[in-house]
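A.B. asks: So you can see what is in the structure, the chains are spelled out below.
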Amino acid sequence: MIRVVLPQHLRKLARVDGEVTLAVEGPVTQRAVLDALEARYPMLGGTIRDRTTQRRRAFVRFFACEEDLSNASPDALLPDAVAAGTEPFLVVGAMAGG
Amino acid sequence: MSRVRVLVGTRKGAFVLESDGTRKRWDVSGPHFGGWEMYHLKGSPADPNRIYASQGTSWFGQLIQRSDDGGRTWEPVGNAFAYDGVPGTHLWYDGTPHPWEFARVWHLEPSRTDPDTVLAGVEDAALFRSTDAGRTWHELPGLRTHASAPSWQPGAGGMCLHTIIVDPADERRMVVAISSAGAFRTDDGGVTWRPINRGLRSEQIPNPTAEVGHCVHRIAMHPTRPQVLFMQKHWDVMRSDDGGASWREVSGNLPSDFGFPIDVHAHEPETVYVVPITSDSEHYPPEGRLRVYRSRSGGTEWEPLTDGLPQANCYVNVLRDAMSVDRLDPCGVYFGTTGGQVYASADAGDRWAPIVRDLPAVLSVEVQTLP
Numbered sequence: 011m012i013r014v015v016l017p018q019h020l021r022k023l024a025r026v027d028g029e030v031t032l033a034v035e036g037p038v039t040q041r042a043v044l045d046a047l048e049a050r051y052p053m054l055g056g057t058i059r060d061r062t063t064q065r066r067r068a069f070v071r072f073f074a075c076e077e078d079l080s081n082a083s084p085d086a087l088l089p090d091a092v093a094a095g096t097e098p099f100l101v102v103g104a105m106a107g108g
Numbered sequence: 005m006s007r008v009r010v011l012v013g014t015r016k017g018a019f020v021l022e023s024d025g026t027r028k029r030w031d032v033s034g035p036h037f038g039g040w041e042m043y044h045l046k047g048s049p050a051d052p053n054r055i056y057a058s059q060g061t062s063w064f065g066q067l068i069q070r071s072d073d074g075g076r077t078w079e080p081v082g083n084a085f086a087y088d089g090v091p092g093t094h095l096w097y098d099g100t101p102h103p104w105e106f107a108r109v110w111h112l113e114p115s116r117t118d119p120d121t122v123l124a125g126v127e128d129a130a131l132f133r134s135t136d137a138g139r140t141w142h143e144l145p146g147l148r149t150h151a152s153a154p155s156w157q158p159g160a161g162g163m164c165l166h167t168i169i170v171d172p173a174d175e176r177r178m179v180v181a182i183s184s185a186g187a188f189r190t191d192d193g194g195v196t197w198r199p200i201n202r203g204l205r206s207e208q209i210p211n212p213t214a215e216v217g218h219c220v221h222r223i224a225m226h227p228t229r230p231q232v233l234f235m236q237k238h239w240d241v242m243r244s245d246d247g248g249a250s251w252r253e254v255s256g257n258l259p260s261d262f263g264f265p266i267d268v269h270a271h272e273p274e275t276v277y278v279v280p281i282t283s284d285s286e287h288y289p290p291e292g293r294l295r296v297y298r299s300r301s302g303g304t305e306w307e308p309l310t311d312g313l314p315q316a317n318c319y320v321n322v323l324r325d326a327m328s329v330d331r332l333d334p335c336g337v338y339f340g341t342t343g344g345q346v347y348a349s350a351d352a353g354d355r356w357a358p359i360v361r362d363l364p365a366v367l368s369v370e371v372q373t374l375p
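As you go down the protein sequences, you meet chains A and B in turn. According to the working numbering, the stretch in the first sequence is residues 11 to 108, in order. According to the working numbering, the stretch in the second sequence is residues 5 to 375, in order.
Read the hints as simulated data drawn from the structure, not as lab findings. Keep in mind the model is a prediction, meaning the values are calculated, not measured. Any given hint could be a false lead.
What follows is a list of derived Cβ distance ranges for each label pair [as the list claims (entries may be wrong)]:
| no. | chain 1 | residue 1 | chain 2 | residue 2 | range |
| --- | --- | --- | --- | --- | --- |
| 1 | B | T77 | A | D85 | 32 to 42 Å |
| 2 | B | G161 | A | R65 | 17 to 27 Å |
| 3 | A | A94 | B | T196 | 51 to 61 Å |
Cut-off 20 Å, straight-line C-alpha distance, at most; resulting in silico cross-link-like pairs (SDA-like, lysine to any residue) [as the list claims (entries may be wrong)]:
| no. | chain 1 | residue 1 | chain 2 | residue 2 |
| --- | --- | --- | --- | --- |
| 4 | B | K16 | A | A106 |
| 5 | A | K22 | B | G17 |
| 6 | A | K22 | B | R15 |
| 7 | A | K22 | B | G38 |
| 8 | A | K22 | B | G34 |
| 9 | B | K16 | A | G103 |
| 10 | A | K22 | A | L100 |
| 11 | B | K16 | A | H19 |
| 12 | B | K16 | A | F69 |
| 13 | B | K28 | B | L374 |
| 14 | B | K16 | A | L100 |
| 15 | B | K16 | B | G161 |
| 16 | A | K22 | A | V102 |
| 17 | B | K28 | B | D311 |
| 18 | A | K22 | A | M53 |
| 19 | A | K22 | A | D90 |
| 20 | B | K16 | A | P17 |
| 21 | B | K16 | B | R76 |
| 22 | B | K16 | A | A104 |
| 23 | A | K22 | B | E79 |
| 24 | B | K28 | B | E370 |
| 25 | A | K22 | A | V70 |
| 26 | A | K22 | B | P35 |
| 27 | A | K22 | B | V81 |
| 28 | B | K16 | A | Q18 |
| 29 | A | K22 | B | W78 |
| 30 | B | K16 | B | D362 |
| 31 | A | K22 | B | G60 |
| 32 | B | K16 | B | G39 |
Ideal placement from N, C-alpha and C gives every residue a C-beta, glycine not left out.
The task is simple: from the sequences and hints, build the whole structure.
C.D. replies: Encoded structure:
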C-alpha cells in the first residue's frame, strides 16, 4: 500500500485523519498515486493538479525520502521506499505567505 | 416572526450570522472553511436551506460547497469549470493576446424557482450554470465568444464576471458585468449577448465611450422593475431606465463617485445605497469617515448615513459583493468591510451597529429573509 500525507486543508476537505493508504496498480508513479488518490477522494480533484492541464498547482509541492519531487516527471517511478510503503509520499502546501 | 440569516465570505473563512426579525441580537457561527478565501455565499430563494459557497485558495484552487441545512453542514460539490471548446484569447495587461484561463468563481446566483439551478460568474470572465445542485457545471459560451471578447482586458482584480442579475419575470433575461469589459445583456437565456454600455464614459481607456472596456464594479436592480438598473462604475454612479440600453450619470452630490457596491431598498425601488471611496488608488472613505449614501430619488440627490458608523480614522473599503438588503419592513441593510466589520441597519440605513467587528477582511455579504 502507498502511504500519502496530505496538508491539513486537504485532509479536512477529504475528511481523513493522518495518512491515507492507497492501492496502486502497476508502476508507482506520481500520476498513478494522484489518480488513485482522486479516485478514492473525488473532492480532491483540481486541488493538487489543475483539472485541465493535469499539471501540479504552483503552490503544491511533492516530497518523498527527503527529496523534492515537485518538478519530476509525473510518469517517473517514485522511490522504492514509497512503492514499498515504508516511506510516505508527501503533498505539501508551499511556503508562500498568506 | 421572520428571521434573518447573513452569509459572510471573508479572506479566511465563512461566517453565518442569524437573528430574529428585531435584528438586535445575533448568533454567529464560523469560521466555516477556516483559512480559505470565501468569495461568495448565496442562498436559494426557492429553498432557503440550500446555500452555495465559492471556496478557494491560491494553493488548492477552486471548490464549490453546498449546504442543505442552512449552513450548518456542507458538502463539496463539483469544481470542474471547463470552458466550452477551445477558449481562445483575450488581451493581457500589456495588450498581447492571452489564453482564457479559469481562476476562480466570483459570484454564485441561485435560481429563484429551482434550488438545483445556479449560475456562476468566473474569472477569466465567463458564465457557467449547474442544474444538478452544483455537481456539474456547463458554460453558457455565447458570452465568452461574443465578437468583442478578444479585446477584453482584466482589471486590477483579474478579468472577473462578478455581477449576475436575472429578471424575476423571465429567467432568460439576464444582465452581467465584467471588469473591465463592461455590462452585457441576454434575452434568450444566454445564447446571445449584447454590450449595454451606451452612456458610460471612462477616461481611463483610449476611447472613453467605447462599446466595451468599461470597468463596471456592480449593478443592482429592484425585482419589481427589471428595466431600471443602477450601476457603480470605477468612477461614476449610473442609472438606466431601459434595461441597460442607455445610461445616465446620477452621481449628483456624492463626495466621491468612486466605489464598489450598490444596492436597492427592498420595498422602495427609488431608494439606492452606495459607499463612496476616495479614489481609484485610495480605497478608503473620504476624510476617514465611513458613510453610506442613500438616495430616495433614484440617484442625483444623496444623503450621508453616519449614525453608528465610525466618523474618524476609518480607512476600510467595502467590496462589490459586500452589501445586501433583507426583505423585512423596515428594510434591513448590511455591509462588510475589509477591516472585518459587518454593519447592519434595521431601519433602512438611519442607524447602524456592527454585528461583528473583528472578522478577516470581508469579501461578500448576502442576506436571507426567512419565514
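A.B. asks: Now tell me, hint by hint, if it's right for this structure.
C.D. replies: Going down the list of hints, with the structure as the test:
no.: 1; hint: T77(B) x D85(A): 32 to 42 Å; result: holds (39 Å)
no.: 2; hint: G161(B) x R65(A): 17 to 27 Å; result: holds (24 Å)
no.: 3; hint: A94(A) x T196(B): 51 to 61 Å; result: holds (59 Å)
no.: 4; hint: K16(B) x A106(A); result: holds (15 Å)
no.: 5; hint: K22(A) x G17(B); result: holds (14 Å)
no.: 6; hint: K22(A) x R15(B); result: holds (18 Å)
no.: 7; hint: K22(A) x G38(B); result: holds (10 Å)
no.: 8; hint: K22(A) x G34(B); result: holds (15 Å)
no.: 9; hint: K16(B) x G103(A); result: holds (16 Å)
no.: 10; hint: K22(A) x L100(A); result: holds (16 Å)
no.: 11; hint: K16(B) x H19(A); result: holds (12 Å)
no.: 12; hint: K16(B) x F69(A); result: holds (17 Å)
no.: 13; hint: K28(B) x L374(B); result: holds (16 Å)
no.: 14; hint: K16(B) x L100(A); result: violated (25 Å)
no.: 15; hint: K16(B) x G161(B); result: holds (18 Å)
no.: 16; hint: K22(A) x V102(A); result: holds (14 Å)
no.: 17; hint: K28(B) x D311(B); result: holds (16 Å)
no.: 18; hint: K22(A) x M53(A); result: holds (11 Å)
no.: 19; hint: K22(A) x D90(A); result: violated (29 Å)
no.: 20; hint: K16(B) x P17(A); result: holds (17 Å)
no.: 21; hint: K16(B) x R76(B); result: holds (18 Å)
no.: 22; hint: K16(B) x A104(A); result: holds (17 Å)
no.: 23; hint: K22(A) x E79(B); result: holds (12 Å)
no.: 24; hint: K28(B) x E370(B); result: holds (18 Å)
no.: 25; hint: K22(A) x V70(A); result: holds (16 Å)
no.: 26; hint: K22(A) x P35(B); result: holds (14 Å)
no.: 27; hint: K22(A) x V81(B); result: holds (15 Å)
no.: 28; hint: K16(B) x Q18(A); result: holds (15 Å)
no.: 29; hint: K22(A) x W78(B); result: holds (12 Å)
no.: 30; hint: K16(B) x D362(B); result: holds (12 Å)
no.: 31; hint: K22(A) x G60(B); result: holds (14 Å)
no.: 32; hint: K16(B) x G39(B); result: holds (4 Å)
Violated hints, in rising order: 14, 19; the structure is consistent with all others.
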